[in-house]
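> Residue strings, one per chain:
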Amino acid sequence: MKQEKLETRASRLYKKRSTMEMAWRQLRRNKGAIIGLVLLVIIIGAALIAPLLFDYSTDVIGMNVRQRMKWPSLEHICGTDELGRDIFTRIVYGARYSLAVGVVAVAIALVVGIALGAAAGYIGGLFENVVMRICDIFSSIPSVLMAIAVVSALGKSTLNLMLAVGIASTAPFVRVARAAVLVVRGEEYVEAARAIGQPDWKIILVHILPNCISQIIVQATLRVGSAIISAAQLSFLGLGVPAPAPEWGSMLASGRLYIRDYSYMTLFPGIAIMITVLSLNLLGDGLRDALDPKLKR
Amino acid sequence: MQGAGSCALHLLFDGANMYKYIIKRLLMLIPVLLGVAFVIFAIMNVAEGDPVYQVAGPDATEEQLEALREEMGLNGSLIQRYFRYIGNLLKGDLGTSYISKMDVMKLYFQRLPNTLKLASLAMLVAVLISVPLGIIAAVNQNSWKDTLAMILALIGLSMPNFWLGLLLMLLFALKLGWFPSGGSEGFISVVLPAVTVGVGLAALLTRTTRSSMLDVLRQDYLRTARAKGVTERKVIYYHALRNALIPIITIFGVQFSNVLGGSVLAETVFAWPGVGRLVVDAIDQRDIPTVTGALIMTTMLVTVVNLIVDIVYAYVDPRIKAQYTK
Amino acid sequence: MAEEHDILNIEDLKVRFETEDGTVYAVNGVNLRLGYHKTLGLVGETGAGKTTTALAMLRLVPDPPGVVECKRLEIDGQDVRGMSITKLEQVRGKDISMIFQDPMTALNPVFTVGQQIAESIEIHEHLGKAEALEKAGDMLEMVGIPRARANEYPHQFSGGMKQRVVIAIALACNPKLLIADEPTTALDVTIQAQVLELMNELKEKYDTSMIMITHDLGIVAEVCDEVAVMYAGRIVEQGSLEEVFGKTMHPYTEGLFNSLPNIKNRTAKLKPIHGLMPDPTKLPEGCPFAPRCNYATEDCRKAVPELHRASGTHMVACSAYERDKNFMIDRRKR
Numbered sequence: 001m002k003q004e005k006l007e008t009r010a011s012r013l014y015k016k017r018s019t020m021e022m023a024w025r026q027l028r029r030n031k032g033a034i035i036g037l038v039l040l041v042i043i044i045g046a047a048l049i050a051p052l053l054f055d056y057s058t059d060v061i062g063m064n065v066r067q068r069m070k071w072p073s074l075e076h077i078c079g080t081d082e083l084g085r086d087i088f089t090r091i092v093y094g095a096r097y098s099l100a101v102g103v104v105a106v107a108i109a110l111v112v113g114i115a116l117g118a119a120a121g122y123i124g125g126l127f128e129n130v131v132m133r134i135c136d137i138f139s140s141i142p143s144v145l146m147a148i149a150v151v152s153a154l155g156k157s158t159l160n161l162m163l164a165v166g167i168a169s170t171a172p173f174v175r176v177a178r179a180a181v182l183v184v185r186g187e188e189y190v191e192a193a194r195a196i197g198q199p200d201w202k203i204i205l206v207h208i209l210p211n212c213i214s215q216i217i218v219q220a221t222l223r224v225g226s227a228i229i230s231a232a233q234l235s236f237l238g239l240g241v242p243a244p245a246p247e248w249g250s251m252l253a254s255g256r257l258y259i260r261d262y263s264y265m266t267l268f269p270g271i272a273i274m275i276t277v278l279s280l281n282l283l284g285d286g287l288r289d290a291l292d293p294k295l296k297r
Numbered sequence: 001m002q003g004a005g006s007c008a009l010h011l012l013f014d015g016a017n018m019y020k021y022i023i024k025r026l027l028m029l030i031p032v033l034l035g036v037a038f039v040i041f042a043i044m045n046v047a048e049g050d051p052v053y054q055v056a057g058p059d060a061t062e063e064q065l066e067a068l069r070e071e072m073g074l075n076g077s078l079i080q081r082y083f084r085y086i087g088n089l090l091k092g093d094l095g096t097s098y099i100s101k102m103d104v105m106k107l108y109f110q111r112l113p114n115t116l117k118l119a120s121l122a123m124l125v126a127v128l129i130s131v132p133l134g135i136i137a138a139v140n141q142n143s144w145k146d147t148l149a150m151i152l153a154l155i156g157l158s159m160p161n162f163w164l165g166l167l168l169m170l171l172f173a174l175k176l177g178w179f180p181s182g183g184s185e186g187f188i189s190v191v192l193p194a195v196t197v198g199v200g201l202a203a204l205l206t207r208t209t210r211s212s213m214l215d216v217l218r219q220d221y222l223r224t225a226r227a228k229g230v231t232e233r234k235v236i237y238y239h240a241l242r243n244a245l246i247p248i249i250t251i252f253g254v255q256f257s258n259v260l261g262g263s264v265l266a267e268t269v270f271a272w273p274g275v276g277r278l279v280v281d282a283i284d285q286r287d288i289p290t291v292t293g294a295l296i297m298t299t300m301l302v303t304v305v306n307l308i309v310d311i312v313y314a315y316v317d318p319r320i321k322a323q324y325t326k
Numbered sequence: 001m002a003e004e005h006d007i008l009n010i011e012d013l014k015v016r017f018e019t020e021d022g023t024v025y026a027v028n029g030v031n032l033r034l035g036y037h038k039t040l041g042l043v044g045e046t047g048a049g050k051t052t053t054a055l056a057m058l059r060l061v062p063d064p065p066g067v068v069e070c071k072r073l074e075i076d077g078q079d080v081r082g083m084s085i086t087k088l089e090q091v092r093g094k095d096i097s098m099i100f101q102d103p104m105t106a107l108n109p110v111f112t113v114g115q116q117i118a119e120s121i122e123i124h125e126h127l128g129k130a131e132a133l134e135k136a137g138d139m140l141e142m143v144g145i146p147r148a149r150a151n152e153y154p155h156q157f158s159g160g161m162k163q164r165v166v167i168a169i170a171l172a173c174n175p176k177l178l179i180a181d182e183p184t185t186a187l188d189v190t191i192q193a194q195v196l197e198l199m200n201e202l203k204e205k206y207d208t209s210m211i212m213i214t215h216d217l218g219i220v221a222e223v224c225d226e227v228a229v230m231y232a233g234r235i236v237e238q239g240s241l242e243e244v245f246g247k248t249m250h251p252y253t254e255g256l257f258n259s260l261p262n263i264k265n266r267t268a269k270l271k272p273i274h275g276l277m278p279d280p281t282k283l284p285e286g287c288p289f290a291p292r293c294n295y296a297t298e299d300c301r302k303a304v305p306e307l308h309r310a311s312g313t314h315m316v317a318c319s320a321y322e323r324d325k326n327f328m329i330d331r332r333k334r
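The listed protein sequences correspond, in order, to chains A, B and C.
All residue numbers for the first sequence refer to this note's numbering, where the first residue is 1 and numbers rise by one.
All residue numbers for the second sequence refer to this note's numbering, where the first residue is 1 and numbers rise by one.
All residue numbers for the third sequence refer to this note's numbering, where the first residue is 1 and numbers rise by one.
Think of the hints as simulated: they come from the structure by calculation, not from any bench.
Keep in mind that a hint or two might mislead.
Here are the computed lysine to aspartate or glutamate pairs in the EDC-like style, where the Cα-Cα straight-line distance is at most 20 Å [as the list claims (entries may be wrong)]:
1) A:31 / C:20
2) B:24 / A:136
3) A:156 / B:281
4) A:31 / B:146
5) C:94 / C:207
6) A:31 / C:21
7) A:156 / B:284
8) B:145 / C:204
9) C:87 / B:232
10) B:234 / C:125
11) C:94 / B:232
12) B:234 / C:20
13) B:175 / A:261
14) C:71 / C:306
15) C:176 / C:216
Each pair of labels, with its calculated beta carbon distance range [stated by the list, open to error]:
16) B:304 / A:217: 30 to 38 Å
17) B:92 / A:194: 46 to 54 Å
18) B:316 / A:28: 38 to 46 Å
19) B:22 / A:182: 22 to 30 Å
20) C:159 / A:184: 31 to 39 Å
21) B:92 / A:111: 39 to 47 Å
22) B:174 / A:67: 22 to 30 Å
23) A:197 / C:272: 45 to 53 Å
24) A:197 / C:18: 30 to 38 Å
25) B:144 / A:257: 40 to 48 Å
26) C:72 / A:182: 55 to 63 Å
27) A:38 / C:188: 56 to 64 Å
28) B:92 / A:189: 53 to 61 Å
Values in this document were obtained by computation on a predicted structure and should not be read as measured data.
Yeah, the Cβ is synthetic: ideal placement off N, Cα and C, and Gly gets one too.
Required output: the full structure, derived from the provided sequences and hints.
Here it is in structure tokens:
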């Protein structure tokens, strides 16, 4: 009996490792995904070491009137802004904000969404109905407007921005988790786990969720990208990270005021957003192809 | 179900079920809309600061404030106020703007045509770009055309649309002067905002069209069509596309909500006087009745559009239509 | 016409599929001739290359990944191999048409069955929409479906009814050559008999030449004049129905017969051919059937046997007959 159990566990472990290995092998063959991964590592690396390279109070937010509005040159490769701050420095430092907002917002959406979705699928009945209708409600409010409403209600701060974007992107995770639970709820190994008296939360966590982990990874990767765009949008509208922090969206908002004569100010922060989101999309698409061969075209 | 007359009878039967279905869907909308209204109402009412102070000014007495509160419908608990709000909403009353003192419903319908103009043109732009591009990509799978289309779509998806709007403004309005950089002087002013919103949607729809087409291109019935002597062109644009359109229409409906979201940004960039600008300005001015009303109305619009898309869907796919008769 | 020609003449047809996981050699040098008004049974296991051969006749092998090569491909005296696409589209559905294996997926779900039959008539007989639909109604009645159902969609039909619609599409323009690719495999047994009877009837009525692709020897005996047995993309035995059924020569054909239930002795056990068809991405060097053959010798594994005339129209590709003129397969060997 015990021997058998050990064997099944071993074979399951083996299976898990081999699917991961296969996914990695698939991913490595996908040029786009590798480009995305490399770009992402560079961006994350830059965000991590930014405080070592630049001093926040002098380089990032410190004014330097004599250097204002300088077009890109060797000294300032992305030029300087209206307060004489080096735009490249601010972009590198701004990666910290964008990535943090994107990751935290998605983490909020992920945890809340999976908990609700898994519970809805597992419990079923009225609870499921209520949760799914609430999901419908949230998905019929345009997510930008939803986030705008949340930020305007809670007040402008980085944390509220994360919350707003997180709330606005929760519904898809609820759906993914619920669908995954519904697929395996009736499977015999779930029945078996229930029969030997495992608590529900443990069944969900150990037996059910691992089945949808690949979908969740893919969703999460792609969602971080859209969360970064949402955050930039809110900052652009003046509802995100408050000045003078070098958030990419708010840099674009101030660049917009000088677009006629100093177009470079609008150019570079946008490129930064695009490359970051692009790398996440490339990686997410690659992951989807690697983890879900059925979807591969 | 045989004989010559059965066909008309059959259609009629289908029709009656269609109405039943539509009515059922409309009834199902009610709890969703009440929920939407509640969520928005609740969010907007935890906003910091009592609007009464803002309206009354710093010198108002406590009695004046209380009277004002009553007048503005701000007395009572959140639930009480919510039901009062819904009651008024059913009468077509969304309250009065704190700032302009105008009827919010009137304000909303003043702006709505502009947003609808922008949104429909954006969707048209998106379809005109994405459907041909997606088909070309699918038909030439793995060729350079496919790769190029997919790279373009990926870039489109990764670009924040307001930044694209700024770039378009820079190039076509400020440098080339082909279009105005903002405002609302006739059709020409809506072109750049519509392209701004449309490109993002086009990127997504190109991917949907491609994968949907690839799915259909594998189907046996296309082989049947080719074996009949149908030209390759007609196989793709008639036999395959009719089937591929089904998932595209779904995405289209789902994306309407994002188009309205995207137009908020485009309206800000190009100073286009639509609903999005109304909301953003109202938030700046802490004009809560306007924000609440506009959000609720917009969500209702999204929901109704989704319903319409579902019905269109049934007409495109006879299999779905058949389900209503069950 | 200066030269006598047949309805179908194929020489050295080869089809391979170049995929990421290797090249699949589906058809490896098939020669086929078929006279007018004759019916040929193309027999073999799943994966023998029967359908691919048929698709190649209509130039419908998907490319990529398919690569088709042949020395000659003529239908009704016309060279299909070098034909322009426009001309090809005129030939498809008019001179040669095909009934596909699975009626469940062969019809377009978003068009009515009437539209789908009429389309072929519109293309080839240059009729207007209304006239073509009218004629489509005639076709439906001919395959035993009430005319009124022309306005219904495929999902409203049962499997057997769908196959009748597919047959109506294929016969709509009175083709000279009809290819039926396992037209009954997807259907219930009782429906199978009806559909076969219908096809036999229509074939007689229109004097159509036909290729019946099947793995069911019973159907072959019922419908065909000639038989070609395919294995691993090659024809291994070919001849008239009497020759192949009466004087079976190839061990594989024998195996197919032995796999049939014996009506005279219902308690007899089936004798299946052991083993599986070779992997078409790596075919064995010699005779592809050698690994499963009870008569195979070392020589069999060295070279692929050519198709040789045995007697009359009877051809067989088996090296046992080349080594020993008097070789006979022993029907009771297993």
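> What are the numbers of the hints that this structure violates, sorted from low to high?
Violated hints (numbers, rising): 8, 12, 15 and 24; every other hint is consistent with the structure.
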